[in-house]
Amino acid sequence: MSNLTINTKDQFEFTFSKEAEKEIILILKKYPPKRKASAVMPLLDLAQREAGGWLPITALEAVAQKVGLAYMRVLEIASFYTMYNLNPVGKWHLQICGTTPCWLRGSDDILKAIYDTLQIKPNETSKNGDFTLTPVECLGACVNAPILQVNDDFYEDLDYDTTKKLIESLKKGTKPNVGSTKNRKSDPENGATVLLSIKGKKNA
Amino acid sequence: MIKLTVDDKEIEVEEGCTVLQACEMAGVEIPRFCYHDRLSIAGNCRMCLVEVKPGPPKPQASCALPATNGQIISTNSKMVRDARKGVMEFLLINHPLDCPICDQGGECDLQDQAMSFGSDKTRFLENKRAVEEKSMGPLIKTNMTRCIHCTRCVRFSTEVAGVNDLGALGRGESMEITTYLEKSIDSELSACVIDLCPVGALTSKPYAFNARPWELSHTETVDVMDAIGSNIRVDTKGNQVLRVLPRLNEDINEEWISDKTRYAIDGLKNQRLDKPYVRNENGSLEEADWDTAFNKIKDNIDKIKPNEIACLLGDLVDVEAAYVAKVLFQKLNVDNIDCRIDGAEIGEHGRAGYIFNSQINGIDEADALLIFGSNPRLEAPVLNARIRKRYLQGNFPISLIGENNNLTYPVNYLGSKSIDIEKLRDKKNIVYKTLMDAERPMIIVGMGALTDDSSQALFYELRELAEVFGVIKKDWNGFNVLHTSAGRTGALDVGCLPSKKGLSAKQIFSESENSSLSFIWLIGVDNKEVLNLKKPFVVYQGHHGDVGAHVADVILPGAAYTEKNCTYVNTEGRPQLLKQAVFPPGEAKEDWKILRAFSDYVNCKLPFDSLDTLREKIYSDFPHFEDTDIIKKSKLSKFGRKGKINDFEMKSPITNFYKTCSISRASETMSLCNEKLNGKIAAE
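Chains as they are written, first to last, in my numbering: chain A, 1 to 204; chain B, 1001 to 1684.
Simulated from the structure, these hints should not be mistaken for laboratory data. Among the hints, erroneous ones may be present.
[Unchecked claim] Rough simulated footprint, nothing fancy, chain A against chain B, three-plus residues with beta-carbon under 8 Å: (1) 1094–1100; (2) 1426–1432.
[What the hints assert, rightly or not] Derived pair list, reagent style DSBU-like, types lysine-lysine, alpha-carbon separation capped at 35 Å: (3) B:1506 x B:1428; (4) B:1134 x A:29; (5) B:1134 x A:36; (6) A:112 x B:1506; (7) A:127 x A:171.
In this text, all values refer to a predicted model and were calculated from it rather than measured experimentally. Backbone N, C-alpha and C define an ideal beta-carbon position, used for all residues, glycine too.
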């Protein structure tokens, strides 16, 4: 996690688009005028989407001006949360969960599949700049582990082959259906094994 | 009041206290890193753990725990000792073992507390983390691997200094303290973070690898870089001043000092005058002995009448020198003596007309403020921090007429011109309302307003307005003059002003070409106007080869503020004693001794031969000097003269904070700050 190194070479002029400006007004309405600094998190998210998946310093400063915070305070926030990127990411930002449940259920295979198809390791971006792989901690979908997050969406129940298929279709620019590749809801894979005595709980 | 027990001792503390403060009052010292009296509570170092009953069966951080009735606190139980040992072990996980090459060694909180509360061995065998050094400007040396993330520096810069330059990036193990995009900290108090840092992460750059704390001799004295008279400790090794640290004084500087106070000291080594010099027939200065120099002056004085003689006293002149100068030149029947070398129109109408009447701690009690013709951030950074502190407590509207600079707090701005004073009479103006509504309103008048020809009229109008707003009441006098030079109040106190027939400094500088003046004695006068003095014979007495020495015909080497026992009066009118830390270089002598020695040559021998007999004389003439550190309350009389106010821009006399006196101009560190921080070169 080297979110701290401030990227200096890819900076560009940042301004909010007209739609974003409208959105900002809506967001700021949610907070009392004296507490508008609280809007910094949603505004950073908005700015990140506007700037192409990451936050250049210019965007941080634009947000700081909107919410009346010092630049340093906004930078602190942006560097604290892993969901804000201070460095450019590819068109497809792959976030691989490596926390224990995902790891036990085969997250290493996903890493291998990504390496085999894209030749990138964690914290690297593919040569054409389309894919960035970031290792993250628990994404909160352990029931359908292992998980790969692609931009805003979760792909669950992945293994080596399904990951390869997913990457191939992303390469072509099409996004497969999100969610479990096994069409599973949040149930145990082979049916319930505990709490069987509870009334109404039948084996699936 | 709250009753609680600390280690079997029952004590009573005030409501709102924390457990840590209660323990302090009970005389128990609680180890801490992040907690600091003058900063907000962070509670992140976990070193101050104590056991509190009733409460959860685990140790609690005493700095962030309010004291309540009936608490039973143990600070030395097994649970507490183990908890502290554990915290210490965690803190030391990533702290390098480089005490032998660390400048904090010997005065390091972490070192001391590891000795008292830590374990004697480490169980940590993994790799330690390393953090890149940060660039924080020419004063602060960083070694961020040593940082334990107490965030004192971040809180100081945000809360006290009022600049949001420092912050903590990242989280968890990868957290790092840094400045925004590695810029220098844009504050006049920035180096205070060095004192606050409990480890060796932020240390002093100019002092790096100079000395160990146990090699230094300490002298408790007072600063002269601004008119506040901050209390300082001068650390010396041999005959060299190595560093200056703040000394606690709640009434003046609390525990802060400005960067200039701390770092101008290397100017004490450069460009010093260490021998008398006399200008020869070729027009160049030649080394001489005291006798030759004095005889040369005597020859020139003997030829002329008293009204052709003038004496000017500079910004760094101590009370003793000012008094002796006044007595000597009075004996010589000289009328032209003045200490107001910047042309300030003050001092003629009683003491309350030129001091900071409410005292600096009066800022804490005030509930509205008008700053008039002053830029306190540059003129007195410590005082400005006090204003900011009061502002943060809320309910303190601040208005400003003068230069519109960032003072680190918001102001109601009325303009920069002298005639903007009329707006204060405008009943519709918000400023009028805030000052009228205030119980204890305060006015701070700066030299920017007082150096114009029509300043007397301006001063008169301000005095009238002070009556209107109730600035002067039975138990409250909020009419304050903020000086920019350390010696001014003292020199005014002993009456270094021209007599009725005499010329003021302003007249001497502007009319020296046409006037009958043919002899001028300058004591530490180094402002630019001195260069106008081409015609008269000039004696320069002082410690630095600055502007004054360039025009001099005779130079008499004096002692700087660390080299003499003397008295200075700060802007509040508080006499404070300075103690000698080192000896003056070469043949340099205290200013009063030079004048006393010279008095023999002109046959008016002065009746004091030692500092003691001199002070006895001063105390009998001016009894208020006897009680050092105590301010004699002065009644506010009428002052100023009714008249027309000129329309002029009120500019603070200080445009460059780092170069204000002969000492700071000779300082290399201050030159570096000037380049880096005043924007000539972009930050590293």
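Cross-check of the supplied hints:
| no. | hint | in the structure |
| --- | --- | --- |
| 1 | 1094–1100 | violated (count 0) |
| 2 | 1426–1432 | violated (count 0) |
| 3 | B:1506 x B:1428 | 39 Å, violated |
| 4 | B:1134 x A:29 | 39 Å, violated |
| 5 | B:1134 x A:36 | 32 Å, holds |
| 6 | A:112 x B:1506 | 84 Å, violated |
| 7 | A:127 x A:171 | 13 Å, holds |
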